[in-house]
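Peer 1: Line order of the protein sequences matches chains A and B. Counting in the working numbering, the first sequence tops out at residue 129, every number present. Counting in the working numbering, the second sequence tops out at residue 120, every number present.
No lab work stands behind these hints, which were simulated from the structure alone. Where hints are given, some of them may not hold.
[What the hints assert, rightly or not] Straight-line Cα separation of at most 27 Å, DSSO-like style, residue types lysine-lysine; simulated pairs:
1. K47(B) / K24(A)
2. K63(B) / K74(B)
3. K63(B) / K47(B)
4. K47(B) / K73(B)
5. K72(A) / K73(B)
6. K72(A) / K24(A)
7. K54(B) / K73(B)
8. K73(B) / K63(B)
9. K72(A) / K47(B)
[Stated by the list, open to error] Far from chain A, by Cβ distances over 12 Å, these chain B residues were calculated:
10. S33
11. G67
12. E71
13. S89
14. D90
15. D100
Cβ atoms here follow ideal geometry from the backbone N, Cα and C, with glycine treated the same way.
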Amino acid sequence: DSGVTQTPKHLITATGQRVTLRCSPRSGDLSVYWYQQSLDQGLQFLIQYYNGEERAKGNILERFSAQQFPDLHSELNLSSLELGDSALYFCASSATSGGANEQYFGPGTRLTVT
Amino acid sequence: AQSVTQLDSHVSVSEGTPVLLRCNYSSSYSPSLFWYVQHPNKGLQLLLKYTSAATLVKGINGFEAEFKKSETSFHLTKPSAHMSDAAEYFCVVSDEEGGYNKLIFGAGTRLAVHP
Chain A
16 DSGVTQTPKH LITATGQRVT LRCSPRSGDL SVYWYQQSLD QGLQFLIQYY NGEERAKGNI
76 LERFSAQQFP DLHSELNLSS LELGDSALYF CASSATSGGA NEQYFGPGTR LTVT
Chain B
6 AQSVTQLDSH VSVSEGTPVL LRCNYSSSYS PSLFWYVQHP NKGLQLLLKY TSAATLVKGI
66 NGFEAEFKKS ETSFHLTKPS AHMSDAAEYF CVVSDEEGGY NKLIFGAGTR LAVHP
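Working from the sequences, and respecting the hints, build out all of it.
Peer 2: Rendered as C-alpha cells:
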C-alpha cells in the first residue's frame with residue numbers, strides 16, 4: 016500500500032458527460048501528479064500540482080482540468096467525455112516538487128466512456 | 006528531451022531462471038532512472054531508482070539494475086525468477102528540466118514466468 020488513495024475505483028459514464036476523479040496524497044507529500052494509462056498511448060504525464068499551485072503540464076487536453084485543495088487532496092475534472100478518454104487514471108505523490116523525488120502511485124481510477 | 010526505449014514488449018522465462026529486461030535511455034544531462042512494476046489490476050510500485058550515485062542499484066524483491074553511460078542502458082535483472090514476478094515492468098526517466106519532476110515512461114515489458 017503506497018499511502019495514496021484514489022476514488023472512485025471504477026467509473027462508467029456516457030459520452031459528453033463530466034466526471035471528477037479524486038486523489039489523496041501520502042501524508043506529508045506536497046506534490047500531486049496525474050497520469051493517464053491507455054492501450055494506445057501508454058502511460059502519460061498529465062499535470063502536477065505542488066502545495067496548491069500548478070507546477071508542470073504534460074499532454075493534458077483542454078477538456079481536462081485539475082486542482083489541489085488546501086488539505087492537499089487533488090481532483091481531476093474530465094468534461095465533454097469522448098470514447099477515447101476511456102483509460103486508467105493514476106495519481107502519484109511525492110514529498111517535494113523538483114529533482115528525482117520518488118513518486119508513489121495510487122491504485123488508479125478506471126474510466127469507461129460508453 | 007528525455008526518453009526511454011524498452012527493447013522487448015514481452016519476455017517469457019521459466020521459474021528459477023534469470024530475468025533480463027532491457028532499457029535504453031536518451032537524455033541531454035545525467036538522468037535519474039527508475040523501474041516500476043505493475044501487477045494485474047494494481048497500481049505502480051517503485052522497484053528501484055538511480056540518481057548518479059552507485060551505478061549498480063539494488064531494489065526490492067531481488068531485482069537490480071546497472072546504469073551504463075557508455076551504452077545508455079539501464080537494464081533490469083534478477084538472478085532467479087519467481088511466479089509472483091509475472092507483471093508489467095516500466096523503465097522510467099525523470100524529466101527535471103525547469104526544476105520539475107515529470108516521469109517519462111517506456112512502453113512497458115510484460116514478463117511471463119512459466120513453471
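Peer 1: Evaluate each hint against the coordinates.
Peer 2: To see whether the hints hold, each was checked on the structure:
no. : hint            : verdict
1   : K47(B) / K24(A) : 11 Å, holds
2   : K63(B) / K74(B) : 18 Å, holds
3   : K63(B) / K47(B) : 23 Å, holds
4   : K47(B) / K73(B) : 30 Å, violated
5   : K72(A) / K73(B) : 30 Å, violated
6   : K72(A) / K24(A) : 24 Å, holds
7   : K54(B) / K73(B) : 14 Å, holds
8   : K73(B) / K63(B) : 15 Å, holds
9   : K72(A) / K47(B) : 25 Å, holds
10  : S33             : 15 Å, holds
11  : G67             : 19 Å, holds
12  : E71             : 18 Å, holds
13  : S89             : 17 Å, holds
14  : D90             : 19 Å, holds
15  : D100            : 8 Å, violated
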